[in-house]
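In order, the protein sequence lines correspond to chains A and B.
When we follow the numbering used here, the leftmost residue of the first sequence carries the number 1, and every step to the right adds one.
When we follow the numbering used here, the leftmost residue of the second sequence carries the number 1, and every step to the right adds one.
Rather than coming from a laboratory, the hints here were simulated on the basis of the structure.
We put the beta carbon where it would ideally sit given N, CA and C, even for glycine.
Heads up, a few of these hints could be off.
Computed list of lysine-lysine pairs in BS3-like fashion (alpha-carbon distance at most 25 Å, straight line) [claimed, not checked]: (1) B:K127 to B:K45; (2) A:K173 to B:K45; (3) A:K29 to B:K45; (4) B:K138 to B:K127; (5) B:K228 to B:K51; (6) B:K138 to B:K228; (7) B:K45 to A:K171; (8) B:K256 to B:K228; (9) A:K29 to B:K51; (10) A:K136 to A:K62; (11) A:K8 to A:K144; (12) A:K171 to B:K51; (13) A:K197 to A:K62; (14) B:K191 to B:K256; (15) B:K228 to B:K168.
Pair ranges (Cβ atoms, derived) [what the hints assert, rightly or not]: (16) B:D324 to A:P125: 44 to 50 Å; (17) B:P194 to A:R105: 38 to 44 Å; (18) A:A102 to B:D314: 25 to 31 Å; (19) A:S97 to B:E275: 22 to 28 Å; (20) B:P273 to A:S89: 57 to 63 Å.
The residues making up each chain are set out below.
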Amino acid sequence: MKDPGFAKFVLLVNGAIPLAMLGWDAYWKELGANPVNSSLHITGTTALVFLVLTLTVTPTRKLTGWNWLSHFRRMLGLYAFFYGVVHLSIYFAFDQSFSMPAVVRDTLEHRYIFFGMAALLLMAPLAATSTNGMIKRLGAAKWKRLHQLVYLSAIAAVVHYLMIGKLVGPKPKAFGAAVAILLGYRAAAARLAAMRKTRLAAGSSPA
Amino acid sequence: MLIKKPSDVSGNEITDEGTYFNRRTLLRAGILAASATATAWVYRKLNPSLKEGEPQRPLMDIAITTTRPTTQSAAGFVTDEPRTDFQDITHYNNFYEFSLEKEAVADLAARFISRPWQVSVGGLCHKPATFDLDDLLKIAPTEERVYRMRCVEAWSMVIPWDGFSLSKLLDRVQPLSDARYVAFQTLLDPKRMPNQNGGDLPWPYVEGLRMDEAMHPLTILASGIYGKQLPAQDGAPARLVTPWKYGFKGIKSIVKIELCSDQPPTTWNAVAPNEYGFYANVNPQVDHPRWSQATERRIGVGIRPTLMFNGYADEVGGMYTGMDLRANF
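Could you build all of it, start to finish, from the sequences and the hints given here?
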């Protein structure tokens, strides 16, 4: 890629569009009869879209050799966290009327809230250590291990979404399938690499 | 975006770079605009704007014979709480025969024709009959009943229904003494109710009430709201309303009513017996296994505490004395 700076700027602008359009719809009262639920749904699914895109970067890069894709991973992840925080804030303000004890009770008593909370809390340290400085301070290996928490976060986020409705609708199923494929690919790739390594080790030993 | 220019540029270089930058700036503006348009388009596909539209089909007025007799207010027939907007009552509907998405039901139901329509009433009774809709609605004078409606999903409305007590209809067919329950069935017609082509729920939707619940004066067969014919998305042409129970008990577009001796199967109970009971009485002390029932979001208003039997405890509480409401949820 000739100019990752510009490409990142394009992503920055595009990532803000869902928030802008949500604000627009809220201002013009076009969020339907239950605007709080609509905004919760929109911010939650937007966070999931960014989470899925973040998880898509590495497999796509490896399969296609488009290494420039890695320029976008950090910002995609940060947007996933950002929309998750907006999602939580709407819940905190309009569903729980700014009451911390109510949030704690809801989190402990209801599993889908627990999973949603877990998904976001798991992302927090990743957002906090997303800078180049933090990668250096932690060391690449440690940083990489820490950032594998994103897999757990994605699983928790999908479980949270699957548990919400009276029935499981097509959207949570689609996100569930996407995360299953992306994590399944990684598991399979890791296994394959491990197998190759043992075979290589066996092969290189003197006959 | 920060563009760093080298400090030592000569005169003719500036002209060249200027042309270059102009072209590049234009290209970049194009890329930015195109990508933003694409993102906005995807966003709109996923999250349609929920604008207040014109009613898709003019709804006929219906004659309300009895309006708000003051003595009835005491028995819960009319609540003074602010009524939910007609727009919201008709564009936020759980009606899985059309769609799982509450905001999508109104459009999908817009062309649903509910005339001619027949309702068969039979089972354990002396005079089973199949009523044409117009005859059915003439069984008793239409009254306005302003009820709270509490959905099991923790939102609520205040709806001015037009209808009459179901007991008037049941009296007409003269139930036998061993009729202890009443079973209801929604229309089964995938051509008219498109989501019946899928397997989201076992179709047709069925519901049931105990005899005393069915005969209770609060239980109505509703055929209108706000003095207009019931819109399709709200259960045209006639539906059940039991204001002290969660909304899913209010079965819509009824074609069959049957008196029976044993507790009839009910759709949500069959799908998830640990989450939805036969009684489904509104009860803030018994949570749904996955979410709290202590509060509700009143549409157009905000969060408020949920009341026992949805605020109709004085009227209906007596039917459940001695029953463990935690076991019989």
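* Asked: Honestly, do A:A102 and B:D314 meet the 25 to 31 Å range at C-beta?
  -> About 29 Å separates the Cβ atoms of A:A102 and B:D314, which means 25 to 31 Å holds.
* **Pair hint B:K228 and B:K168, alpha-carbon separation not exceeding 25 Å** => holds, 21 Å
* Asked: Are the Cα positions of A:K29 and B:K45 separated by 25 Å at most?
  -> This hinted pair holds, its Cα atoms lying about 18 Å apart.
* 25 Å Cα cutoff - pair A:K29, B:K51 -> holds, 8 Å
* **Agreement of A:K171 and B:K51 with the hint, judged by alpha carbon distance not exceeding 25 Å** => holds, 22 Å
* Satisfaction of hint between A:K62 and A:K197, Cα-Cα up to 25 Å -> holds, 18 Å
* Has the given pair, B:K228 with B:K51, been kept, meaning a C-alpha gap of at most 25 Å? -> holds, 22 Å
* Asked: Is it true that the CA of A:K136 sits at most 25 Å from the CA of A:K62?
  -> holds, 24 Å
* Asked: Are the Cα atoms of A:K173 and B:K45 separated by 25 Å or less?
  -> Measuring from Cα to Cα gives roughly 18 Å; hence the hint holds.
* Satisfaction of hint between B:K256 and B:K191, Cα-Cα up to 25 Å -> holds, 19 Å
* Are the Cα atoms of B:K256 and B:K228 separated by 25 Å or less? -> Judged against 25 Å, a Cα distance of about 23 Å means the pair holds.
* Is 22 to 28 Å a correct range for the gap between the Cβ atoms of A:S97 and B:E275? -> At roughly 26 Å between Cβ atoms, B:E275 and A:S97 fall inside 22 to 28 Å, so the hint holds.
Of the numbered hints listed earlier, those contradicted by the structure are 1 and 20.
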